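Colleague: For the protein sequence lines, the chains are A and B, in the order given. Counted from 1, the first sequence has number 482 at position 65 by the working numbering; the numbering is strictly sequential. Counted from 1, the second sequence has number 1732 at position 357 by the working numbering; the numbering is strictly sequential.
Some hints could be false.
[Said to hold, decoys possible] Far from chain B, by Cβ distances over 12 angstroms, these chain A residues were calculated:
#, residue
1, THR436
2, ARG462
3, GLN467
4, VAL502
5, THR514
6, LYS528
7, GLY557
[What the hints assert, rightly or not] Reference listing, derived: stretches of chain B covered by chain A, where coverage requires no fewer than 3 residues with Cβ under 8 angstroms from a Cβ of chain A:
#, stretch
8, 1542-1556
9, 1660-1668
[What the hints assert, rightly or not] Here are the simulated SDA-like pairs of lysine to any residue, each with C-alpha atoms no more than 20 angstroms apart in a straight line:
#, chain 1, residue 1, chain 2, residue 2
10, B, LYS1715, A, PRO561
11, A, LYS454, B, PRO1414
12, B, LYS1677, A, LYS508
13, A, LYS582, B, ASN1672
14, A, LYS508, A, TRP578
15, A, LYS559, B, GLU1716
In case anyone wonders, no lab produced these hints; they're calculated from the structure. Predicted model, so just to flag it, every value in this text is computed and none were measured. C-beta atoms are modelled at their ideal positions from N, C-alpha and C, and glycine is treated no differently.
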Amino acid sequence: MNTQQNQQQQFIELSGALTDFNAFALHGTGQVEHYYKTLNDIVGRDTVEQLLCVFQTVSECACDEQMFLTGIRQQIMGDVKLGPVARNIIKLWYTGTWYQLPRTWREAYGKSEQDKTFFVSSASYTEGLLWQAIDANPSGAKGPGYGSWSEPPRIHFDNSWQFVKQQSVQSK
Amino acid sequence: MNERIINTIDDLYQMLDAAIQLEHATIPPYLTALYSIHPETNLEATAVIRAVLVEEMLHMTLSANVLNALGRHPNVLSEGFMPSFPTYLPDGEKDFQVSIAAFTPETLETFLNIERPSKPPKNTSSTCPNGCITRANHARFHLDAIKPLKSPTYSFYSIGDFYDAIIDGIKFLETQARECGETIFIGDPKYQVSNKYYYSGGGEVIEVTDEKSAIAALNLIKEQGEGKAELGEDTENQEFDSEGELSHYYRFKQLQFGRYYQKGDRPSNPTGAKFEVDFSKVYPIKTNPKLSDFAENPTLLKAAKDFNHSYQEFLGIINAAFSGHQNLLLGAVCDMFRLKEFASQLIRNPISIEPNMHAGPTFEIDTSSRGSLNDKVGQTCVHKERA
């Protein structure tokens, strides 16, 4: 696995923890590469590497899920630089939309001309995780068939993210 | 030698059972190739494959209507109905196999073979019935469709030839029956799938009640598949059926040319709008994936099993719809959209990163659970109808 593949793999792990959907569901949207590229294009490779590095450290240091979640909350979500980026990743997966980062973030860490609110693609709109989360079809797309609205939603948690204790690189 | 392939009503039943099986057998390969295409890419190829796929569903339904008109229900859950891929279909001088695979130039070539127009080879043996050719390796074919009755040595050259044999059989048997003041069309019309419940599926369903409507239904299948003319001479407009629609064979031909046909074109030279077919914008599915390929990935394995289970349940609903519960087709359409999502998820998931190899639906139906499933589907149907 090369560095690029390795980082993309890390991005999937991070996305799983942030969205509560497993890697199967994330791959299943067909959007992994698009979202990873969008993230890199807008916040820059250095910030992405920093985010993934912190995530890896949190993963390797966590003895259990509680410790892991605390680490994510404190080291990523609570971080002035990484927090807004992580929140954007969540929104990206759920809605297929990249939302413009907060003004304070843009002033502090650089303004990308591409950092505007936009759908990554028309496919990203239909592949938003929110539709899976509520078992509905995206409005205007993926027609579910006549009369399907009379059936209750079939929401299941088969594709939930699961905490897996990581072995640190040193101990491998 | 008697050139008629169908001589008794049982022969006709068997050929129609085979027709339904044959139409269905094309669906997993078309469906997989279609969903292997990256979203938002290859729009023309996507549209062509999708249009053919839904017409195969229509063909399956039309064949079922003909069988029901003769007083027999189809059984799409019978043993061996779902082929084990790769499988063989009718072919001519050189055999080919049909696989569950990604959309590639080789897959497109297979699709052209499936849909090819009738073109009996020149050296056809005089001992063969019309539309058939002699094969030495007959035992290799798995589908009933290519095991013509009472002969271990010949097969149909094209699917169109196969339907011609059925039409000949219907004409022969109905003429015989009428001489005795009877008819072979003794099925209850209530079993006919109608346009009330069959919608957006590749055209209008024909309800079959007599010889005329049976032949109309079977001709529609033939024409949508291979067009109205015989291949061999490069004549104008032979790509189109009697309704002016392009047949499956020539729709796929367009993908090879990267160019649409328009009225007045010869098969060898489409002159319509050009478009691009990008085979690199396709998920690299492992060809003919099996559940055993996912042994090391429990999530993939579960998803693939779930897909097969859902597909099996779906076939159960189709069975019920073909046996008098056609209102269940409305729910079956919703199930189809769900199946599409499940299949797409599998196809977009890598089995391994190096080499880059993706999963896909395996279409392995567990025969051991069929009995209980039939019962379950039957109960579900009754429940839904009451509701």
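Colleague: All the hints need checking, so say for each whether the structure fits it.
Modeller: These are the hints, each one checked on the structure:
Every CB of chain B lies more than 12 angstroms from the CB of A/THR436, the least distance being 15 angstroms, so the non-interface label holds. Here A/ARG462 stays apart from chain B, with its beta-carbon at least about 21 angstroms from theirs, past the 12 angstroms limit. Non-interface call for A/GLN467 relative to chain B: holds, since the shortest CB-CB distance, roughly 24 angstroms, exceeds 12 angstroms. No Cβ of chain B approaches the Cβ of A/VAL502 within 12 angstroms, the least distance being about 25 angstroms, so the stated non-interface status holds.
A cut-off of 12 angstroms between C-beta atoms confirms that A/THR514 is not in contact with chain B; the least separation is 16 angstroms. The claim that A/LYS528 lies off the interface holds: its Cβ sits roughly 29 angstroms from the closest Cβ of chain B, which is beyond the 12 angstroms cut-off. Taking the minimum C-beta to C-beta distance to chain B, about 15 angstroms, the non-interface status of A/GLY557 holds against the 12 angstroms cut. Judged by the Cβ-Cβ criterion of 8 angstroms, the stretch 1542-1556 of chain B is not covered by chain A as claimed, because only 0 of its residues qualify and three are needed.
Evaluation of the coverage hint for the stretch 1660-1668 of chain B: breached, as 0 residues show C-beta separations to chain A shorter than 8 angstroms, against a requirement of three. Between B/LYS1715 and A/PRO561 the CA atoms are separated by roughly 10 angstroms; this keeps the pair inside 20 angstroms, and the hint holds. Among the hinted pairs, A/LYS454 with B/PRO1414 is consistent with the structure: their alpha-carbon atoms are about 17 angstroms apart, no more than 20 angstroms. Restraint check for B/LYS1677 and A/LYS508: not satisfied, since their Cα atoms lie roughly 28 angstroms apart, outside the 20 angstroms limit.
A hinted pair counts as satisfied when its Cα atoms are at most 20 angstroms apart, and A/LYS582 with B/ASN1672 qualifies at roughly 17 angstroms. Taking the CA atoms of A/LYS508 and A/TRP578, the gap is about 17 angstroms. The hint holds against a cut of 20 angstroms. This hinted pair checks out: A/LYS559 and B/GLU1716 have alpha carbons roughly 9 angstroms apart, not beyond 20 angstroms.
Violated hints, in rising order: 8, 9 and 12; the structure is consistent with all others.
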